[in-house]
Every structure is written in C-alpha cells, then in structure tokens.
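A.B. asks: The listed protein sequences correspond, in order, to chains A and B.
Counting from 1, one number per residue, gives the positions in the first sequence under the numbering used here.
Counting from 1, one number per residue, gives the positions in the second sequence under the numbering used here.
If you're looking for bench data, these hints aren't it; they were derived computationally from the structure.
The structure displayed is predicted, hence computed values, not measured ones.
Each residue gets a CB set at the ideal place from its N, CA and C atoms; glycine is no exception.
One or more hints might be untrue.
Derived, one-sided and incomplete: chain B residues facing chain A with beta-carbon distance under 10 Å [claimed, not checked]:
#1 R42
#2 L44
#3 Q45
#4 Q55
#5 S57
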Amino acid sequence: AQKITQTQPGMFVQEKEAVTLDCTYDTSDPSYGLFWYKQPSSGEMIFLIYQGSYDQQNATEGRYSLNFQKARKSANLVISASQLGDSAMYFCAMRAQKLVFGQGTRLTINP
Amino acid sequence: SQTIHQWPATLVQPVGSPLSLECTVEGTSNPNLYWYRQAAGRGLQLLFYSIGIGQISSEVPQNLSASRPQDRQFILSSKKLLLSDSGFYLCAWSPVRGYGYTFGSGTRLTVV
C-alpha cells in the first residue's frame, strides 16, 4: 500500500524567509516518484518538482528544492526566499502504482 | 503542446439528479487518465483511472462511475447525486512513459 503523510496543516512564514514543508511516505515498491504540487485559491494544481526514487541528487527547480532522504522515507520541499505569491496549499504526492496525495499544508506568507 | 480541458467549472445540482463531467486531452495519444475528488481543505482522493479506451479502474466504491468512450475523453457520471458527492473534481492525464501528471482546471460541484 502507498501512503503519504503531511503533518503540518498550516504554516506561517515571513516574506523572504526560507520554508520547509514536511512529507513522509511509505511504499513497498522499489521504484517510485515523488511530486510536489501547489494549489492556489483558484483550485488549479501546479506542478513544482519531481524526484525519482533512483535519483542520486536532490531535485531543484528555481527556488524549489526537494530534500530527499530515502532511508528516512522523507521528501521535504524547501522554498527559498519566500514571496507573497507563494501563499497556497501545497501537496506532496507519490506515484508507485498510482499517484496518491497527502492532506496538504496551507502556507501563508506574511509581509 | 498537450492541453487538458475540463468542464463545467462550477455546477450546482439537486440531490437525486444525474451528473456528467467531461474531460478531454489534446496533443497526445493513449494517455493515462484520472478522476480525483477533493473535499474542502483536504487532499485529493483518486476515484478512477484509465489506461485505455473502455478500461476503467475504480479506487473507491461510491455513487459515481467513469467511462472512456474515446482515447482522449474521460467522463465522470452519476445516476443520482448525493449530498456527499459535493466537492472539487479534477481530471488529470499522464503519458504512458514519463512521470508528468497534468491537471485540468477542475469542477466545483455543489449538491443541494
């Protein structure tokens, strides 16, 4: 079975600070992928970053990086230099047999 | 380029009425297709997925059904809506090879 856990229902961060959103996962599949999506109030799901289970290096996409710790089964999202436009829901997801989502973290950036 | 279209954007339906939500993908062939539902403030729950025409897998027993009459068309239906069917419905597609999942803009369904 696949399971994704996001333990932070909400986070409040000052603008320009870095923020880490936690994600842990569980699967018995040796091959899997980990995703982070951003969902603004409009509801659209915006793909941010992807990490494959066999990737040796942590994925980075601009201000987003994924802190992948395979032994601990964690895939935390790090956003550097946060901006007001980063305020949104953030979802961690894992694809082994199918794409399964965590419950999300609501991130609020304060000016 | 590939695009995914989902409609309508919002829908208010009375309890007991039928439902039909449509999703189409352009610019690719033989995509994997998915229907997700999101309750308010919650994560996405996979409802159905399809790897080909007429091939539907159901993840959660419920009041809904899905069909794939054409390669790039995925339809979510119900014969009689329940109050608990309210939510935000998202269609998504992924290529047979590759890891990307692209979501439609969603349908906000309110059953009254």
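A.B. asks: Run every hint past the structure and note whether it holds.
C.D. replies: Consistency of the hints with the structure:
1. Below 10 Å, beta-carbon pairs count as interface contacts, and B/R42 has one with chain A at about 6 Å; its hint therefore holds.
2. Taking 10 Å as the C-beta cut-off, the interface hint given for B/L44 holds, the closest approach to chain A being about 4 Å.
3. For the restraint placing B/Q45 at the interface with chain A, the shortest Cβ-Cβ distance is roughly 8 Å, inside the 10 Å limit, so the hint holds.
4. Taking 10 Å as the C-beta cut-off, the interface hint given for B/Q55 is violated, the closest approach to chain A being about 14 Å.
5. The restraint placing B/S57 at the interface with chain A holds, with a minimum CB-CB distance near 9 Å, inside the 10 Å limit.
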